Amino acid sequence: MLQAANLSIGYEHRRVASGIDLAVARGEVLCLLGPNGAGKTTLFKTLLGLIPPQAGAVTIDGRPIVSLARAELARSMAYVPQAQVMEFAYTVLDLVLMGRTAHLGPFSAPGPRDRARAHVALADLGIADLAGAEANRISGGQRQLCLVARALAQDAPLLVMDEPTASLDLGNRLLVLERVRTLRAQGYGIVFSTHDPDQARELATRVAVIADGRLAAYGLPDETLTGPTLSAVYGVAVAIERTESGRHVVVPRASGTSP
Amino acid sequence: MLPNSAGCSVALARTDAHRTAVVLIALAVILLAALLLASAFGPYPLAPGQVATAIATRLFGATQSGPIDTILFQIRLPRVLAAALVGAALAAAGASYQTLFRNPLVSPDILGVSAGAGFGAVLGILLSLPVLAIQALGFITGLATVVVVYGLARALRSQNEILVLVLAGIVVGSLAGAGISLVKILADPYNQLPAITFWLLGSLAGIKVSDVQAVAPLVILGLVPLGLLRWRIGVLSLGDDEAKALGVNVRFVRGVVIASATLITATAVSVSGVIGWIGLVIPHMARLLVGPRFDRVLPASVLMGAAFLVLIDTVARTAARIEIPLGLLTAVLGAPVFVWLLARGRRSWS
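Chains as they are written, first to last, in my numbering: chain A, 1 to 259; chain B, 1 to 350.
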């Protein structure tokens, strides 16, 4: 279980947010929301151990992550960054194989067993046929799935995903979300940042909203993603409406109506 | 459908690794052929068979003292082996830095090592030091330059460590360049200046057995850590955050790459002078053959760099009545090749 207790985050002389308490267990999806610049990325980097916490602690199964070696941490928690075009033309398989790094000896390169694991990860996400393709020449959604496959190949029970659906078209977005749901069902613990409250409501078992240097809301989706909270956090008047199919969606509130 | 396509891609990966092995073996054969050919060529031509026989005889313990042995073991082989070592060193350093800095346009002198070593060496020429001292001074100032660059980057403490490192390299490198210009102005224009100019263009003329004995261990000492950490160095090309999240101790691996690449570049430059283009172009050619994975690019670059400089140096000493500076030849060949690489118009470098 990934846990943050009374966490303060920031860079050397600048505090971004403080008093953050949250937890993700296996089979849970924690969605992280917040306005641009509120500190989602800083929180992500702190959770991943890329920058040290200013106060408080991040622990995995009770052990502070600052006490873990990089490889040990990587075997507990995998990072899925936003897919970008890379400088070098790696194949999808090469990229996924890099997920095996934490399981290799310091002087080793991946062997047949690692390649087999990589192929299983690709097959799990339904992109086995892309193994030989150049990662820069597949669609954005496929590239994002390729990074998810890399995280699966890492064999870590926790997945930390940085806006994996940002900059994806509708089809690719739904594809990625579908896979994330499957992973949750398979028992992965997932931290997932997004700008879309509706996506969070569909996917999350728990939601954390970071704003104004603190955790503005934390709890079940229906408790946190309310009209007043979202209006206050994003500074625009919104309301939650129920569609005919029973789903809740965030809509702009016409001036003059109450939340 | 799924198992089938998975099986298909497993086969694909196997052919991929197979292909790499075939390419590396072919490059090794080409290097051996280049070594043999280069040893045969010269003012006193030998047949490749004679060369092979003489080497085999020497390898099995017998020493002869004919003219062939003198030419081969005192003059030609040291120079050919030095060319192979310097070519391998520059190409390996270039491949490492290109991966580390995630920039295919980077060459081994990115952190100012060539300029630093150049400054030390021309200073040695100005002071009329013996050749060995000139080489030692070049080696030491080359290393010292990178230490200063690294220290400066650490002292500036920026979020973007790589950018500060490269900028510090440019700053310190251009200072060393200014030092070289100053030495040129102060130098005796009839004796020292031509020597300085020739040195700055790179040459392996006058290489002795002792040079090879001094250079070989240092180049190997630098290549071994790069070889051992080949996979993790490749992962660094994804950027610091991703590499850390994948379990790489980024600071350690980066330190090893910089120390190793600096060691082999400073060693190469101190014995051969400044030879451009090899460290830039050879890794690109290697990527064309074996793809972008560093664990494949490194051995391919070492073999290609060695073979390339052995052949170039053979041209340098046999094509004209005077020695042609190596830097001129590598530029004449490297520039068009690089333009061709650019013209392939790929967004990403394969």
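Please keep in mind that the hints were generated in silico from the structure rather than gathered at the bench. Owing to the predicted nature of the structure, the values given are computational and were not obtained by experimental measurement. Virtual Cβ for every residue (Gly too), placed ideally from N, Cα, C. Each hint should be verified, as a subset may be incorrect.
Calculated Cβ distances over 12 Å to all of chain B for the following chain A residues [what the hints assert, rightly or not]: (1) Asp21; (2) Arg63; (3) Pro81; (4) Leu95; (5) Ala102; (6) Gly105; (7) Pro112; (8) Ser167; (9) His195; (10) Pro221; (11) Tyr234; (12) Val236; (13) Val238; (14) Ile240.
Derived coverage of chain B by chain A (criterion: at least 3 residues anywhere in the stretch with Cβ under 8 Å from a Cβ of chain A; other residues may be distant) [stated by the list, open to error]: (15) 110-122; (16) 226-236; (17) 329-339.
Structure-based check of all given hints:
1. Consistency note on aspartate 21/A: stated as away from chain B, and its beta-carbon is indeed over 12 Å from all of that chain's, at 23 Å minimum.
2. At roughly 16 Å, the least C-beta separation between arginine 63/A and chain B is larger than 12 Å, which holds for a residue marked as non-interface.
3. Against the 12 Å criterion, proline 81/A falls within the reach of chain B, whose nearest CB is about 6 Å from its own CB.
4. Once the 12 Å rule is applied to beta carbons, leucine 95/A is inconsistent with being away from chain B; the minimum gap is 8 Å.
5. Not every C-beta of chain B lies more than 12 Å from that of alanine 102/A, the closest at about 3 Å, which undercuts listing it as non-interface.
6. For glycine 105/A, the non-interface assignment is contradicted: its Cβ lies about 10 Å from the closest Cβ of chain B, within the 12 Å cut-off.
7. For proline 112/A, the non-interface assignment is contradicted: its Cβ lies about 9 Å from the closest Cβ of chain B, within the 12 Å cut-off.
8. Even its closest Cβ contact with chain B, about 17 Å, leaves serine 167/A beyond 12 Å, as expected for a residue assigned away from the interface.
9. Against chain B, the non-interface label of histidine 195/A holds: every CB pair exceeds 12 Å, the least being about 20 Å.
10. Every Cβ of chain B is farther than 12 Å from the Cβ of proline 221/A; the closest lies at roughly 27 Å, confirming the non-interface assignment.
11. Every beta carbon of chain B lies more than 12 Å from that of tyrosine 234/A, the smallest distance being close to 27 Å; the non-interface claim holds.
12. For valine 236/A, the non-interface assignment is confirmed: its Cβ lies about 31 Å from the closest Cβ of chain B, beyond the 12 Å cut-off.
13. The claim that valine 238/A is not at the interface with chain B holds, since no C-beta of that chain comes within 12 Å of its own (minimum 33 Å).
14. Chain B leaves isoleucine 240/A outside its interface by the beta-carbon criterion, the shortest separation being 35 Å against a cut-off of 12 Å.
15. Closer than 8 Å: that is the beta-carbon criterion, and the region 110-122 of chain B has 0 residues meeting it against chain A, so the requirement of 3 is violated.
16. Counting residues of the region 226-236 of chain B whose C-beta lies closer than 8 Å to any C-beta of chain A gives 7; at least three are required, and the coverage claim holds.
17. Interface restraint, the region 329-339 of chain B with chain A: violated (0 residues with C-beta to C-beta distance below 8 Å; minimum three).
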